[in-house]
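Here this note's numbering = 1-based position in the sequence shown + 11.
Because the hints were derived from the structure by calculation, they are not lab data.
Heads up, the beta-carbon is just placed ideally off N, CA and C, and yes, glycines get one too.
Take these hints with a grain of salt, some might be off.
Simulated restraints on C-beta separations [what the hints assert, rightly or not]:
| hint | residue 1 | residue 2 | range |
| --- | --- | --- | --- |
| 1 | ALA33 | SER135 | 53 to 61 Å |
| 2 | ALA42 | THR82 | 40 to 48 Å |
| 3 | GLY136 | LEU39 | 43 to 51 Å |
| 4 | GLN20 | ARG156 | 50 to 58 Å |
| 5 | PRO19 | THR153 | 51 to 59 Å |
| 6 | SER45 | ASP105 | 38 to 46 Å |
| 7 | ARG156 | TYR46 | 17 to 25 Å |
| 8 | ARG156 | PRO19 | 53 to 61 Å |
| 9 | LEU38 | GLN15 | 40 to 48 Å |
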Amino acid sequence: MFQQPRPPQAGFTLIELMIVIAILAILLAIAVPSYQAYNIRARVSEGYNVAAPAKAAIAELCHTAPNADITAETPFAYTTGPDTLVDTITIGGDCTTPQISVVTKNTGATVNPTFQLTGTAISSGISWVCNLTAGLPQHLPTNCRT
Numbered sequence: 012m013f014q015q016p017r018p019p020q021a022g023f024t025l026i027e028l029m030i031v032i033a034i035l036a037i038l039l040a041i042a043v044p045s046y047q048a049y050n051i052r053a054r055v056s057e058g059y060n061v062a063a064p065a066k067a068a069i070a071e072l073c074h075t076a077p078n079a080d081i082t083a084e085t086p087f088a089y090t091t092g093p094d095t096l097v098d099t100i101t102i103g104g105d106c107t108t109p110q111i112s113v114v115t116k117n118t119g120a121t122v123n124p125t126f127q128l129t130g131t132a133i134s135s136g137i138s139w140v141c142n143l144t145a146g147l148p149q150h151l152p153t154n155c156r157t
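Please build the complete structure, drawing on both the sequences and the hints.
Given below as structure tokens:
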């Protein structure tokens, strides 16, 4: 007798589903570490931003009194708390090469990044350069990479 043609089967085969899962696994293996580094970098950025008033205070002090003792006379104080991401900010040096050291905490990194802002006196003020002293370079914020 005459057989009716079968309708085509709909759906995915097992191999097609396995390929999709493999592709997703590869994408996740790439994306998760990138996201974690981005998250740490965002937390370390708070330290860079908290150091901005210290940079302004040093620039103003050195503009008005070029021979001043930066450590003793800079009107900048930072108090840490349990929810902050900055442990300490230390000011040192003199008006020709001022220094600001920032120690972070609770960033999620294996070694919490620590960086130092080193200034150089120029005719229009102070030019700042950021250097990593502890942690991984990819954890520094973009505006702190030299």
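Comparing the hints with the structure gives:
| no. | hint | in the structure |
| --- | --- | --- |
| 1 | ALA33 - SER135: 53 to 61 Å | 57 Å, holds |
| 2 | ALA42 - THR82: 40 to 48 Å | 45 Å, holds |
| 3 | GLY136 - LEU39: 43 to 51 Å | 47 Å, holds |
| 4 | GLN20 - ARG156: 50 to 58 Å | 55 Å, holds |
| 5 | PRO19 - THR153: 51 to 59 Å | 53 Å, holds |
| 6 | SER45 - ASP105: 38 to 46 Å | 41 Å, holds |
| 7 | ARG156 - TYR46: 17 to 25 Å | 19 Å, holds |
| 8 | ARG156 - PRO19: 53 to 61 Å | 56 Å, holds |
| 9 | LEU38 - GLN15: 40 to 48 Å | 44 Å, holds |
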